[in-house]
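Asks: The task is simple: from the sequences and hints, build the whole structure.
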Amino acid sequence: MERRAFKQAMYAVHEEESALDIVQDAMMKLAEKYGDRPDDEFPVLFQRILQNTIRDFYRRSKVRSMWTTLLSAFSPDDDEEHDPLETLAIDSDSSPRTPENVLLQAQTLNIIDEEIKKLPARQREAFLMRYWEEMDVAETAATMGCSEGSVKTHCSRATHTLAAALSAKGIKL
Amino acid sequence: MNEQRYATRIRQVLNQGLHDIPPTATRRLEAARHLALARQKQCLPELSLAGAGSWLNRQLGHSGIDLARIKPFLAIIALLAGMWLSFYWHSIQYVSEIEAVDVALLADDLPPEAFLDQEFIEWLKDDSSVE
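Note that the protein sequences, when read in sequence, are chains V and P. Last residue of the first sequence: number 188 in the working numbering, and the count goes up by one each step with no gaps. Last residue of the second sequence: number 1044 in the working numbering, and the count goes up by one each step with no gaps.
What the hints contain is simulated information worked out from the structure, not anything from laboratory work. The model shown is predicted, which means the values in this text are computed figures rather than measured ones. Hints may contain errors.
Stated by the list, open to error - Derived lysine-lysine pairs resembling DSS-like cross-links, with alpha carbons at most 27 Å apart:
| hint | chain 1 | residue 1 | chain 2 | residue 2 |
| --- | --- | --- | --- | --- |
| 1 | V | Lys48 | P | Lys954 |
| 2 | V | Lys77 | V | Lys132 |
| 3 | V | Lys184 | V | Lys132 |
| 4 | V | Lys44 | V | Lys132 |
| 5 | V | Lys44 | P | Lys1038 |
| 6 | V | Lys48 | P | Lys984 |
| 7 | V | Lys167 | V | Lys184 |
Replies: Spelled out as structure tokens, the structure:
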């Protein structure tokens, strides 16, 4: 469960350290606040907490970047120590293994990973919850706070976008 | 394109990718899981009749009935039983009070002050009390 959550967070924030923090926060919140709930409620509760934690991360980083922009306006030196594109470049760099099919699989996975990252946030959330976490439409809608129709639309658009992007790169699933 | 089938294939690839997560991240995720489990909120003992509650739980557990589902019905039954007991006790008290007055009347054992009490005279004249 935590591995899938980690990947989901990675798709959203593109940074390993932050993704690990998000998953850890979500797990702690689940355990501390909802630890006494029945086991079958855990997956949906965890997804809800995870998505909220990712949104909190976005909000915090938005505020942080606003302050950074404000402060950097006063400082003359233009230091760009951290470039998020660097981490993206590292992620896309696949390490080849010996057997050909494993290599192919790894490349396919990398391309899928990249295409999932490119999806609009709501489409990605819906697609991953519905098809990776295997939640039903109603659970996904409740977690996302939208209608079941919206979930279906998001999932359909995400799947078609992924299919088009993968076939453009010559990948057939 | 069959959306469901295509999504299932993507899921298979994604699941295979879970094995390629860096070991440092995997270790940290495991540590986070252990920490979360250590801090897991435990079920508080319920404020109920402990002995009877646990016995009922065991019995229902053996018979395969989910106690959580029938809890609302049990609560309603307990409420109704409580209301009935309260009503029954009040009615018995009321009857015994009337009985005491009736016995005193029949035995001509009323204190003289009772006949000076206007409300008592009214009550005696009231036909509804006879019915």
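Asks: Given the proposed pairing of lysine 184(V) with lysine 132(V), does the C-alpha separation stay at or below 27 Å?
Replies: Given pair lysine 184(V), lysine 132(V) holds - Cα atoms ~16 Å apart, limit 27 Å.
Asks: Need the status of pair lysine 48(V), lysine 954(P): alpha-carbon distance at most 27 Å?
Replies: Holds. Lysine 48(V) to lysine 954(P) sits at ~7 Å (cutoff 27 Å).
Asks: Decide if the proposed pair is consistent with the structure: lysine 44(V) and lysine 1038(P), CA atoms, cutoff 27 Å inclusive.
Replies: violated (74 Å)
Asks: Between the alpha carbons of lysine 44(V) and lysine 132(V), is the straight-line distance 27 Å or under?
Replies: holds (25 Å)
Asks: Do the alpha carbons of lysine 48(V) and lysine 984(P) lie within 27 Å of each other, as the hint requires?
Replies: holds (23 Å)
Asks: Going straight from one Cα to the other, do lysine 167(V) and lysine 184(V) come out at no more than 27 Å?
Replies: holds (26 Å)
Asks: Taken at face value, is the distance from the CA of lysine 132(V) to the CA of lysine 77(V) at most 27 Å?
Replies: The hint holds at about 19 Å.
Hint 5 alone, counting from the list given before, is not met by this structure.
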